Each structure stands twice: as structure tokens, then as C-alpha cells.
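Please take these sequences and the hints and turn them into a complete structure.
Residue numbers (numbering that gives the first Met the number 0), protein chains in the order written: chain R, 0 to 279; chain C, 0 to 247.
Hints listed in this document are in silico derivations from the structure and should not be mistaken for laboratory results. If you're wondering where the values come from, they're calculated on a predicted model, not measured in any experiment. Some clues are possibly wrong.
Said to hold, decoys possible - In silico DSSO-like links for lysine-lysine, alpha-carbon gap of 27 Å or less:
| hint | chain 1 | residue 1 | chain 2 | residue 2 |
| --- | --- | --- | --- | --- |
| 1 | R | K190 | C | K206 |
| 2 | C | K112 | R | K190 |
| 3 | C | K161 | C | K115 |
As the list claims (entries may be wrong) - Calculated from the model, a selection of chain C residues having no Cβ within reach of chain R, i.e. all distances over 12 Å:
| hint | residue |
| --- | --- |
| 4 | P5 |
| 5 | P40 |
| 6 | A188 |
| 7 | A223 |
Built from N, CA and C at the ideal position, the CB exists for glycine as well.
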Amino acid sequence: MQSGGSISLKGLPVRQPPAVNRFFSSTPVSLIIYCFIVGVILYSSFTGAQAMGYNWQWYQIPKYIYSFTDNGFQFGELMLGLWTTITLSFTAFVLALAIGFLVAFLRLSGLFIGTKIAICFLEFVRNVPLLVLVYLFYYVLGPVFKYDRYTASILCLAVYHSALISEILRAAINSVAKGQWEAAKSIGMTKMQTYRYIILPQSIRFMLPPMTGEVVHMVKSSAIVSVIAVAELTTLGQNIISDTYMAFEIWFTIALIYMFVIVILSIGASQVERRYTVIN
Amino acid sequence: MLTESPIIKFQNVDKFYGNFQALTDISIEVHPTERMVICGPSGSGKSTLIRCINGLESHNYGKLIVDGVEIFEGSKDIIRLRQEIGMVFQQFNLFPHLTVLENLTIGPIKVRKISKAEADVTARKYLERVHIPEQAEKYPSELSGGQQQRVAIARSLCMESKILLFDEPTSALDPEMINEVLDVMVELAGTGITMVCVTHEMGFARKVADTMVFMDEGRIIEVAPPDKFFSKPESARCKEFLEQILEH
Ligand SMILES: Nc1ncnc2c1ncn2[C@@H]1O[C@H](COP(=O)(O)OP(=O)(O)O)[C@@H](O)[C@H]1O
Ligand SMILES: [Mg+2]
Numbered sequence: 000m001q002s003g004g005s006i007s008l009k010g011l012p013v014r015q016p017p018a019v020n021r022f023f024s025s026t027p028v029s030l031i032i033y034c035f036i037v038g039v040i041l042y043s044s045f046t047g048a049q050a051m052g053y054n055w056q057w058y059q060i061p062k063y064i065y066s067f068t069d070n071g072f073q074f075g076e077l078m079l080g081l082w083t084t085i086t087l088s089f090t091a092f093v094l095a096l097a098i099g100f101l102v103a104f105l106r107l108s109g110l111f112i113g114t115k116i117a118i119c120f121l122e123f124v125r126n127v128p129l130l131v132l133v134y135l136f137y138y139v140l141g142p143v144f145k146y147d148r149y150t151a152s153i154l155c156l157a158v159y160h161s162a163l164i165s166e167i168l169r170a171a172i173n174s175v176a177k178g179q180w181e182a183a184k185s186i187g188m189t190k191m192q193t194y195r196y197i198i199l200p201q202s203i204r205f206m207l208p209p210m211t212g213e214v215v216h217m218v219k220s221s222a223i224v225s226v227i228a229v230a231e232l233t234t235l236g237q238n239i240i241s242d243t244y245m246a247f248e249i250w251f252t253i254a255l256i257y258m259f260v261i262v263i264l265s266i267g268a269s270q271v272e273r274r275y276t277v278i279n
Numbered sequence: 000m001l002t003e004s005p006i007i008k009f010q011n012v013d014k015f016y017g018n019f020q021a022l023t024d025i026s027i028e029v030h031p032t033e034r035m036v037i038c039g040p041s042g043s044g045k046s047t048l049i050r051c052i053n054g055l056e057s058h059n060y061g062k063l064i065v066d067g068v069e070i071f072e073g074s075k076d077i078i079r080l081r082q083e084i085g086m087v088f089q090q091f092n093l094f095p096h097l098t099v100l101e102n103l104t105i106g107p108i109k110v111r112k113i114s115k116a117e118a119d120v121t122a123r124k125y126l127e128r129v130h131i132p133e134q135a136e137k138y139p140s141e142l143s144g145g146q147q148q149r150v151a152i153a154r155s156l157c158m159e160s161k162i163l164l165f166d167e168p169t170s171a172l173d174p175e176m177i178n179e180v181l182d183v184m185v186e187l188a189g190t191g192i193t194m195v196c197v198t199h200e201m202g203f204a205r206k207v208a209d210t211m212v213f214m215d216e217g218r219i220i221e222v223a224p225p226d227k228f229f230s231k232p233e234s235a236r237c238k239e240f241l242e243q244i245l246e247h
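Now the structure itself:
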């Protein structure tokens with residue numbers, strides 16, 4: 000049958016992946032496997048807790064989220080903590096952005112001293128654990144410069160993330176074609192004008208996707224400031240637990256709250272990403 | 000015609016990239032309204048030479064004077080001087096995030112501080128000059144290579160420069176688009192602007208050049224008016240080079 004030199008493949012079905020693969024990657028089967036795994040985890044933590052004689056008190060949880068009192072609707076403690084987490088992260092992010100720009104421009108300045116300062120800063124921040132940075136900003140720099148724990152947490156998070164952000168900015172700025180610099184120079188633009196009108200507008204599409212990722216990262220790493228008792232979500236959770244011993248319920252709830260916030264941010268981030276990763 | 004003092008003057012200029020010497024003992028003068036065409040094999044230092052004129056590269060030894068100003072690395076005058084020198088690149092280097100009109104007006108508005116209305120009028124005048132007035136609102140990516148290069152030429156004209164530098168303006172173009180760009184350049188040559196042009200388009204060179212320059216291995220080998228340059232070049236290397244490219 001296949002005697003000729005060229006075989007017509009017209010109308011032949013494309014080779015299918017093996018049946019086993021098709022079975023496991025079909026939607027209903029995936030869903031069942033997924034539910035099974037989640038079920039096992041939930042069940043084992045539940046039975047584990049039973050075995051420990053854990054006293055579940057889920058009914059206590061809602062009042063930490065919201066309550067209706069004589070004064071009407073009120074947010075619970077965890078929501079206040081979440082609010083602090085959000086404002087803290089936001090403030091730190093804005094500050095991190097400012098420092099990040101400064102460091103990136105120092106690094107790109109071409110000035111020997113500028114480059115060296117920037118590299119020292121980056122190496123320091125990158126090679127010290129975040130937890131140690133927190134202690135440094137609160138227990139060492141705090142008393143020296145007389146600021147409170149809230150300021151310490153903002154400064155610390157801002158410095159830590161500014162190192163990451165400055166690298167994002169630098170990479171984005173370097174992604175703009177070199178010819179753009181030459182064209183801008185040749186019409187008499189200064190370095191500042193070239194950045195402002197030519198380079199930065201073009202580098203936005205390179206920096207936005209990783210930058211939105213940094214927002215998510217910031218919210219997550221903000222939990223670490225609970226070690227210096229800033230009243231954000233994680234700290235308030237710990238406080239409630241030390242009053243009520245409801246460790247399981249509270250940690251599950253807090254994890255869910257973080258997840259909720261971060262999933263929303265991530266959806267926003269991927270929207271931004273989709274809009275800006277157009278090749279022009 | 001060439002009696003005025005030179006607008007560009009190289010005196011024994013050397014240029015190094017690290018240990019590699021890209022330009023050796025360059026001495027040459029360009030006079031106002033002169034049209035100079037530079038040719039030579041790839042890697043002979045043509046781009047380096049032309050980029051020294053507006054300070055995109057800086058020379059290491061010797062003296063370079065452009066429009067009465069001595070050029071050296073870190074010179075503050077260079078930024079002002081660049082407003083007087085338009086440059087057209089092989090790869091066009093248009094600003095992709097700006098429309099054609101904005102590409103043309105951003106220099107005049109931000110650098111020369113001219114009003115937007117006035118810059119728009121000038122820009123449209125030069126778009127007319129390069130025969131693409133209808134493309135003003137488009138983005139560079141929506142244009143053909145030939146059109147993009149003509150926009151780039153219009154952009155350098157908008158700065159109302161005294162000198163125009165071209166670095167192989169047609170080398171990145173598909174063959175069918177080369178002529179539309181060369182035609183514009185020939186028209187420009189008739190306007191009395193000083194032109195220094197690196198190109199291998201010898202038909203163009205014959206038509207417009209006042210002076211032909213041949214470079215090889217970082218040196219200027221031959222300088223001559225075109226009729227002499229093409230009919231009886233003095234150096235063997237230049238002759239060989241011309242034979243090679245005129246074959247095609
Ligand atoms: N930025 C650079 N760094 C190092 N070497 C360079 C650089 N630019 C050009 N060169 C070298 O200098 C020589 C001349 O280059 P160029 O002026 O671009 O030649 P042309 O334009 O005549 O082809 C080449 O050998 C090239 O490799
Ligand atoms: Mg070249």
C-alpha cells in the first residue's frame with residue numbers, strides 16, 4: 000500500500016497521546032483526583048486534631064471578621080489586621096519604588112562611585128535574611144533614629160524590596176534597544192530627557208509584569224513584621240490564639256484571607272501582563 | 000565654492016576601542032554645503048569616523064573641530080552641538096512608542112523648546128519633503144522600511160541642522176525601497192545642506208558627491224572629486240574595492 004515515494008497524509012488523524020495520559024488529563028478525572036487529594040489533607044488534619052483531643056470552635060471565628068453590635072456593623076480584629084497589612088504593604092511598596100529607581104539610576108549612571116554604592120547596597124540587602132533585616136531596622140536603627148515599630152517595618156520592607164525592584168527597573172531599561180539612545184542623543188537630548196521621553200516610556204512594558212509580581216510578593220513578606228509585633232494580620236492572629244488557643248481555626252482562616260487577597264492581586268497582575276506583553 | 004573655513008575638521012585623529020585602533024591619523028576637512036561620500040570595506044572605520052562628528056564616539060588623540068567647537072569626551076558643548084547635526088542610521092532608530100508626527104516634533108519641542116503648533120507645521124512640511132505627508136498619525140511599526148527611513152530623514156531635518164550625517168542609510172532596506180530613499184537624499188543634496196554620507200550606492204555618489212573618500216583599516220586612503228575617483232583612483236586597494244562593488 001505504501002509503495003510510492005511520497006505518502007499522502009491528507010485526512011489522516013494526528014497521532015493521539017496515549018490513552019492513559021488522555022484519561023488522567025480529562026477534566027472530570029482531574030477534578031476527582033484534585034478533590035481526593037484536598038479531602039485527604041483535610042481529613043488527616045481533622046482526624047489528627049481529633050486524636051490530639053482538639054476542641055474545634057469554628058463558631059467563634061466570624062466575630063473576628065465582622066460583628067453586629069448596638070453600634071451597627073463593625074469589622075473584626077482580623078479585618079483590622081488585614082487593613083494594616085494592606086496599608087503597610089502599599090506604603091512600603093511606594094517607598095521601595097522610589098528607592099529602587101534611585102538605586103537603578105545610580106547603577107546605570109556610569110559614575111564609578113554611583114555604581115559602587117548601588118552594588119554594595121544590593122549585595123548587602125540580597126545577602127542578609129529578611130528576618131535579620133527586620134531586627135536590624137527595629138532593634139538597632141530604631142533606637143538610634145528614634146522611630147516606632149510601624150516605621151521600622153515599612154523601612155525594612157521598602158529596603159528589602161527596593162533591591163528587587165531596582166533590578167527589575169535596570170533590566171527593563173536595558174531591554175530598550177541601544178539605537179534609541181543614539182537617536183535621542185543625536186537630536187540633542189540630554190540623558191535626563193532621553194530617560195524621560197524615550198527610554199522609560201518604552202521600558203514600562205518590560206517592567207510592569209514583574210512589578211505586579213512584586214506587589215504580591217510584598218503582601219506575603221509583610222507577614223514577617225509580626226516578629227516585632229506590628230499589629231498586622233499575622234500578629235493579630237497570634238494575639239487571638241494566645242488568648243483563645245484556637246490555633247487551627249485561626250491559622251486556617253488567616254491563610255485563607257492571605258490567599259483571597261493574593262489571588263485577587265494575581266488576577267489583576269495577569270490582566271496587566273496580558274495588556275502589556277504585546278509585541279509591537 | 001569651498002573657500003569658506005571648514006565646518007568639520009579632523010586633525011590627526013586616532014580612535015581606539017580598548018587596544019584595537021579603529022581610526023589612524025585621520026585628517027580631513029568638510030566645508031559648508033559640501034557633500035562628502037565615504038566608502039570602504041566593512042570594518043574599515045566609516046561608522047566610527049562619522050559617529051565621532053556628533054560625539055556618539057569620542058576620539059582619543061588629535062583634534063576634531065565641528066562648527067567652530069572642539070569636540071572631546073565629556074564636553075558640555077556637544078549636547079548643544081548635536082542640535083546642529085542631524086544623523087540618519089542604518090537601522091532607522093525611530094521611536095516606536097511615538098507616532099510619526101511625534102517622532103518628528105519631540106526634538107524641536109523638548110530640545111529646542113519650540114511650541115507644539117509650530118513644531119507640527121515644520122514636521123508636516125518635512126514629511127511633505129520626504130513624500131509621506133499621509134503617514135503622520137501612524138506608528139513606525141506600521142510603515143515599510145523605506146518609509147521608516149524617510150521618517151528618520153525628516154526627523155533629522157526637523158532640527159533644522161546645518162550638517163546631515165548618514166551611516167549606510169539604505170543598507171538595511173529591501174532592494175525595491177532603496178531608490179525611494181536615495182531620491183529623497185538627492186533632493187536634499189540640492190538644498191545646500193552639508194552632507195557626510197557613508198554609502199556603497201555609487202550611482203548616488205556620482206550624482207551628488209563633491210568629494211569621495213575611501214577608507215581601509217581605519218585610515219583614509221584616498222580623497223578625490225568623483226570623476227577622478229571613479230575613473231582613475233590612485234591606490235590599488237581603492238581600485239580593487241571599486242571594481243568589486245561596481246561589478247554588481
Ligand atoms: N563599540 C565597539 N567596540 C569595539 N570595537 C568596535 C566597536 N565599534 C566598532 N568596532 C570595531 O572597529 C572597527 C571599525 O568599525 P566600524 O566603524 O563600524 O566600521 P564600518 O562602519 O566601516 O564597517 C571594526 O573592526 C569594528 O569591529
Ligand atoms: Mg558601519
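A cut-off of 12 Å on Cβ-Cβ distance, and C/A223 was said to be off the interface with chain R. Does that hold? The assertion about C/A223 holds, with a minimum of 29 Å to chain R.
Quick one, are C/K161 and C/K115 close enough, alpha carbons at most 27 Å? holds (22 Å)
Claimed clearance of chain R by C/P40, with the beta carbon kept past 12 Å: Non-interface label stands for C/P40: nearest chain R Cβ at 23 Å, farther than 12 Å.
Would you assess whether C/P5, listed as outside the interface, keeps its beta-carbon beyond 12 Å of every beta-carbon in chain R? holds (21 Å)
Non-interface label on C/A188, tested against every C-beta of chain R at 12 Å: holds (20 Å)
Would you mind confirming whether the straight-line C-alpha gap from C/K112 to R/K190 stays at or under 27 Å? The hint holds at about 17 Å.
Would the hint linking R/K190 and C/K206 be met if the CA-CA limit is 27 Å? violated (39 Å)
The structure fails to meet hint 1 from the earlier list, while all remaining hints are met.
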